[in-house]
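K.L.:
From first to last, the protein sequence lines stand for chains A and B.
As numbered in the working numbering, the first sequence has no gaps in its residue numbers, which increase by one up to the final residue, 120.
As numbered in the working numbering, the second sequence has no gaps in its residue numbers, which increase by one up to the final residue, 629.
Among the hints, erroneous ones may be present.
[Claimed, not checked] Once the Cα atoms are required to be at most 30 Å apart in a straight line, the calculated DSSO-like pairs of lysine-lysine come out as:
hint : chain 1 : residue 1 : chain 2 : residue 2
1    : A       : K110      : B       : K16
2    : A       : K24       : B       : K16
3    : B       : K16       : A       : K19
[Unchecked claim] Selected chain A positions facing chain B (Cβ under 8 Å, derived; list incomplete):
hint : residue
4    : D10
5    : A11
6    : M14
7    : L50
8    : V56
9    : S83
10   : Q87
11   : V90
12   : I94
13   : P105
Keep in mind the hints are simulated off the structure, nothing from the lab.
Ideal Cβ positions, reconstructed from N, Cα and C, are used throughout, including at glycine.
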Amino acid sequence: MSKRVLICDDAVVMRMMIKGILSKSGFEVVGEAQNGAEAVDKYKELGPDLVTMDMVMPEMDGITAVRQIISHDPDAKIIMCTSMGQQALVVEAIQAGAKSFITKPFQPPKILETINKVLA
Amino acid sequence: MSEEFFDREEFVQYFKDETDELLQTVDSSLLQLEKYVDADDIDAEIVNELFRAMHTIKGSAGMLGFTEVQELAHRLESVFDLLRKDRMPLSQQSIDLLFEGCDILTALIRALTGEAIVPEGVDGYMERLESFSSLYETAAAIVAGGAERHEDQGEERLDATTEEIAAFEADVARLLAGSESGKLPAELLATAADAPQPADGAAHPTHQARQEQRRNLSQTIRVDIERLDALLSLVGELVINRTRISDIAATLARSLSDFKDTPACGVIEPLTKDLADSAGLLARTTNEIQEGIMKVRMVPIGQVFERFPRMVRDLSKARKKEVRLEIRGAETDLDKTVVDEIGEPLMHLIRNCVDHGIEEAEERLGLGKPEVGTIRLNAYHEGNQIIIEVGDDGRGINLARVREKGIRQGLVSESDKLTDREIMELIFQPGFSTAEKVTDISGRGVGMDVVKKNIARLKGIFDIDSTEGVGTIFTIKLPLTLAIIQALLVRVGGELYSIPLDSVIESQRVEMSEVRTVHGNEVITLRGAVVPLLRIGEFFGLGTTRDPEKVMIVIVNMQGRQVGIVVDSFQGEQEIVIKPLSDVIGRISGISGATILGNGSISLIIDVHSLVGDAYASGRVARAEYSAV
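Work the whole structure out from these sequences, hints included.
P.N.:
Written out as structure tokens, the structure is:
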């Protein structure tokens, strides 16, 4: 069974791109969210195997969303999508319970490698 | 990026659509932000929104490899970041710089898809922005304690190589290792506290509304307009067939009596009834589908209005006038194709208001008017039409000056007795302008005639109402959709033509004895008004012969003038689907398209506006207004 993924990013282009990479690599993208609040709702609704989470989003940022998802499901597997220079934020996200991170702009093999590591 | 994973072109389109929307919000947010210039306290949510918009554009551009866009978005993001963190005061200079940056960013993105040429001065702008913001960045760094803070997120790097990304990731890993043993450096914790925080929802009054909007957005999908066009075209076919089946059912019911008392009657009669029922149901469903697809194509006119506040700001600044723009009815829906076409004419009208309408502040004060002029943009539905008004409280139109100018340009002569309305109509003449000097805003000869022509092309009506010293109101009336219309079918020389019902006033049979000739052209008198006749059979060269006893006339209205179109017979009203003529045929004077009728035959649709216009121009009809009867 292919692994089920929830993508959370406020940028359409980012979502489409991650979706494209993942679906062509045998993952099933079960949902997309465009802000943290939506990600929390969809996580509860869909119970995905993995979440990719942007940092900077309207309504609710990625870190707050990580906290809320983790408090709902401590085993949630969340990968942060971050830009260069956001070290402190990445650390905060990982302390909040995110499993790993990828740095934008990323290469497709890199995101796949990170995901496979987290799912292993 | 590896091309194997996605179709780049498709992503560029997504990028374009998304950034278009973002830049539109950026523009309106900047306008809001401008109100806080030199204020002590800025609305944090506005700056946050601007910051996020730039962040999103930067990220997406980075993924697609648009480095210049990425770079500029990054620099603008940094400025918003400084503002957000209260490390830079909001001055008029910074706002102007940000507006300029958004314009350049928009132009850069348009250039990516070939819609515009690459703007000049991008590098120069970036340098200016850089030197402007670096002042505050340095100051902020000094305040924060100097060079140690080089790991702050403010130092975000764009030209990172794979090695640098690896270094960044190693950095995080090191920090994480430290934190797991409970020793996260205090300096970084401090930075983390600085990080973008979500706006405190409860404290923000518009938060609820915003969230509502987001929710609505997440339940919408983007559809290529071409798909909707294709669907609409299919609905058109369905409408045609519905009419055809109704026709057949009616004919069959009528001819049922021919079968009376034959053995077949027992079979045919119930079938005929079934067919009629079924045709009725089909008609109803088709109507609903048609209405549904029309609704899907509707978009709020606010999409067009969005760009005007910024335009009015820039124009009034350039003209050193104080102008306020009031917008109402932005949520009024109309067909997407109409929305796309109406922007230019509206822009021209608003420019006209700023340039010719609104007086300078001193003059206004002298006249006892409020110092700040007002332009009102209003849209609302009225029946099957949408009305858009552009009004100002400026100086109004000076009729005497218009008349004088008309005489000077040879449009009318000194001796012509013109009504106020006729003088106003002069404004619609090509090349007419009362502006004393050409400015960069208006008065360059692209005048009201073009606006009027563009609106006529959308089957709309354009009108001016003005009171000297009080103001001017331009009114545009447009049909909600252009694809399906009610038409009057007429027969001319064996051919069927469709005349759009919105321009038809009435149809009449008139005895030849009532037709008079003025300067070789036929006219009739209708309720005291002289109405010139146009024999379209002859105009189209169909070789029709004149009936010596009577004429069948369709009276049409063209911008207040009535013209009688002479046809052979009337064939009733029908809903028709407009199909454009193919490019091979090209533009034909007086014809706007074709339609397929219920019985499968083709009918050309008469373009009343161009037909009457061309007929006037070629002297085929009497200029009734100026001719004595």
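K.L.:
Are there hints from earlier that the structure breaks, and if so, what are their numbers?
P.N.:
7
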